[in-house]
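What follows is the residue order along each chain.
Protein chains: 2
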Amino acid sequence: MKLKGKALIAQGGGPTAVINQSAVGVILEARKHPEITRIYGARHGVNGIINENFLDLTDVPTANLEAMAASPSSGLYSTRDKPDEAYCKKIFEICKAHDIRYFFYCGGNDSAGSCQTVAKEAEDAGYDMYVIHVPKTIDNDLQVTDHCPGYGSAAKFVAQAFAGVDLDNRALPGVYIGVVMGRHAGFLTAAAALGRKYSDDGPHLIYLPERTFSLEKFTSDVVKTFEEHGRCVIAVSEGIVDESGEAIAAKFTGGEKDDYGNVQLSGSGALGDMLADHIKKNTKIDRVRADTLGYLQRSFLGCVSEVDQVEARTVGEMGVRFGVGQQKSGSVTMKRSGNYAISYDLTTLDSVAYDAIEMPDEYICESGNNVTDAFISYARPLVGTLAEATLIDAPSVEKILNK
Amino acid sequence: MKLKGKALIAQGGGPTAVINQSAVGVILEARKHPEITRIYGARHGVNGIINENFLDLTDVPTANLEAMAASPSSGLYSTRDKPDEAYCKKIFEICKAHDIRYFFYCGGNDSAGSCQTVAKEAEDAGYDMYVIHVPKTIDNDLQVTDHCPGYGSAAKFVAQAFAGVDLDNRALPGVYIGVVMGRHAGFLTAAAALGRKYSDDGPHLIYLPERTFSLEKFTSDVVKTFEEHGRCVIAVSEGIVDESGEAIAAKFTGGEKDDYGNVQLSGSGALGDMLADHIKKNTKIDRVRADTLGYLQRSFLGCVSEVDQVEARTVGEMGVRFGVGQQKSGSVTMKRSGNYAISYDLTTLDSVAYDAIEMPDEYICESGNNVTDAFISYARPLVGTLAEATLIDAPSVEKILNK
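Chains as they are written, first to last, in this note's numbering: chain A, 1 to 403; chain B, 1 to 403.
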């Protein structure tokens, strides 16, 4: 007999364009299980749980859910709280008080860690409860799963942003630096390459947190590219590090730390500006511009991967199948086959909870300033349909006066 | 009898998402006129003319043209050259050498000025030539016309960007500052308001170059909004000025000037960072983030107003009707009627060439930190279909332990 009680859904960490798909996947599937007495949503993730800030989602009209599913950002709101053991104990106690027997938490590896601690608190107290981690992160840095819901849509935004600014840079040539989100993993920055079509399309250079960043090498790379193409488009991860392993951006953002001890990298244009200034001062190139793509990467309204949408919905739905249907705890994973099909499985919480992954070496070219075809093969299916740009193809006219 | 000879098309100034629609409108319409012997395109605007850097567009396949029309940025490439009289004389001489009798130039008011000077050079030399200015600018600051092709698509990008980051700001509350392009006119920054749907949707504050910006007033506005909503989303024009009328951003970007004498404002995150730092230091608000929307506003691939596309195509087509069909020089304009229909007309080059316009007072609210409904009514039809986001609407659950 299956465990009877309430289901609770919450969203943690940075929003994505499809995290609501996962939440709605959980809610709609949970409605089909008679063991689920009510479906609660916590406002602001785990913070909403300890404050009993719950919404009753049991009877929300399906049309409202579907409209929210299609909206970016975390519709139940999020939190940067990183629960310690005492915090997780409180989560468990609140769950117990409300007869919550199924807990679904959408988040990254830290959220998987919270899931694990809460599950252990429940177990230690002899309280039957299943805890499911529903993966999401634009960083694409979770273990076990082939990739993470949220990444494909952010990657699509980055790919289309660089495809567009590359055209802009053709029209008004110079150096363009675009700074992309990603603290330790370069997957999102690498996605800047996915919109390349013509052989001389940018980004011509891509700098990832997986390789030590040197201003000297950067400068010579830029000069070399500029000499070849008369212009240079560059994608730089906000997480690039110096020889000591310190994030270069951290020197410019005032050192503000979040609850995870992470120094603020996003929400500032300082890294891009520093790099642009360096090129202006150390080369003869006149026109140097830097953009920091910022929060639009995860929240822009109207740029979403249809593949990512389907997968995000499905990890939520499968989470309920595993948690309620199979009476298990764990983290939902995706497995790839062929080019390209996905099957869903469950792994243990502890296999996801701790270390995050980085880009494998095979995705980074030897010179450390670009991505390989293996990366393109890996990432291209995830972004779904990409908008495409076309250059004009016309013959030149013979000169008369300037012959 | 109509003047026989070649047609020349060129694109100047900052790219837009639909400037290629205008170019293709010119090319396809010019192909229908037997007076047009060949159709040339200048690479990099007027710079391409004086260097005789011409493409022969006469026989480019229509499918290639249509694909280019759907691509953002200036497909013929652009220039920041601002022709003086000697430069315009050279333009005219090159046109004469190539038997160019019709010149179509897509650009802003400076480009209209170049058109006028070239037309005068031709007239003074007794060389028959018609010069048509095809309007484009994301700044929407041209005289006579109701609005400018290019604005609607950039406005759509800005509206959807702010609609998205507003959801992000709901999920992780704090202060969010988004810096928007626009040197003297606030139209594009004002477009941040077009994605608002719920009564407490941001941007809650909008700062335009038409009003003097005060850091003190800004700070108190932010604190007041934060007290009311627990969060604050702000759209700021890169062109905001202090009491002396100087652009505040100019203090941070190194003072680089273009050929028009304009100090660089875009391509740097410094203004946003300064405003964020000011709020961090002068209020008790913890989480303050700034994004500078940058070149994506005019070049992002895959965000275009379908209304803007049609209008940009049509101003190009009508340019040929006026220039070739009616044997006139001038600037193509759009006139609005009802809600919403557009008719096309021709005005004199000098009525557009000089002063640019700013946002009229009726579009700016009295406190100077937001836009009026009149602005929304004016701008909403221009962006076409807007993506829409939906919040969840569910009842709260009664607390048990925290009662």
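Hints may be right or wrong, so weigh each one.
One copy or two, it doesn't matter: identical chains are merged, so the pair holds either way.
Claimed, not checked - The calculated PhoX-like cross-link candidates involving lysine-lysine, where the alpha carbons are at most 20 angstroms apart (straight line), are:
#	residue 1	residue 2
1	90	399
2	2	251
3	120	217
4	403	90
5	96	328
6	224	2
7	89	403
8	281	96
9	90	32
10	403	32
Hint data in this document are derived by calculation from the structure and do not stem from the laboratory. As the structure is a computational prediction, the values presented were derived from the model and not from experiment.
Status of each hint after checking the structure:
1. 90 to 399: between (79 angstroms within a copy, 14 angstroms between copies)
2. 2 to 251: neither (53 angstroms within a copy, 66 angstroms between copies)
3. 120 to 217: Classified as neither; 49 angstroms inside a copy, 52 angstroms across copies.
4. 403 to 90: Between copies only: 15 angstroms across, 82 angstroms inside.
5. 96 to 328: within (18 angstroms within a copy, 81 angstroms between copies)
6. 224 to 2: Classified as neither; 65 angstroms inside a copy, 51 angstroms across copies.
7. 89 to 403: The answer is between: 19 angstroms across copies meets 20 angstroms, while 82 angstroms in one copy does not.
8. 281 to 96: Close neither inside one copy (62 angstroms) nor across copies (43 angstroms); limit 20 angstroms.
9. 90 to 32: neither (29 angstroms within a copy, 76 angstroms between copies)
10. 403 to 32: neither (78 angstroms within a copy, 31 angstroms between copies)
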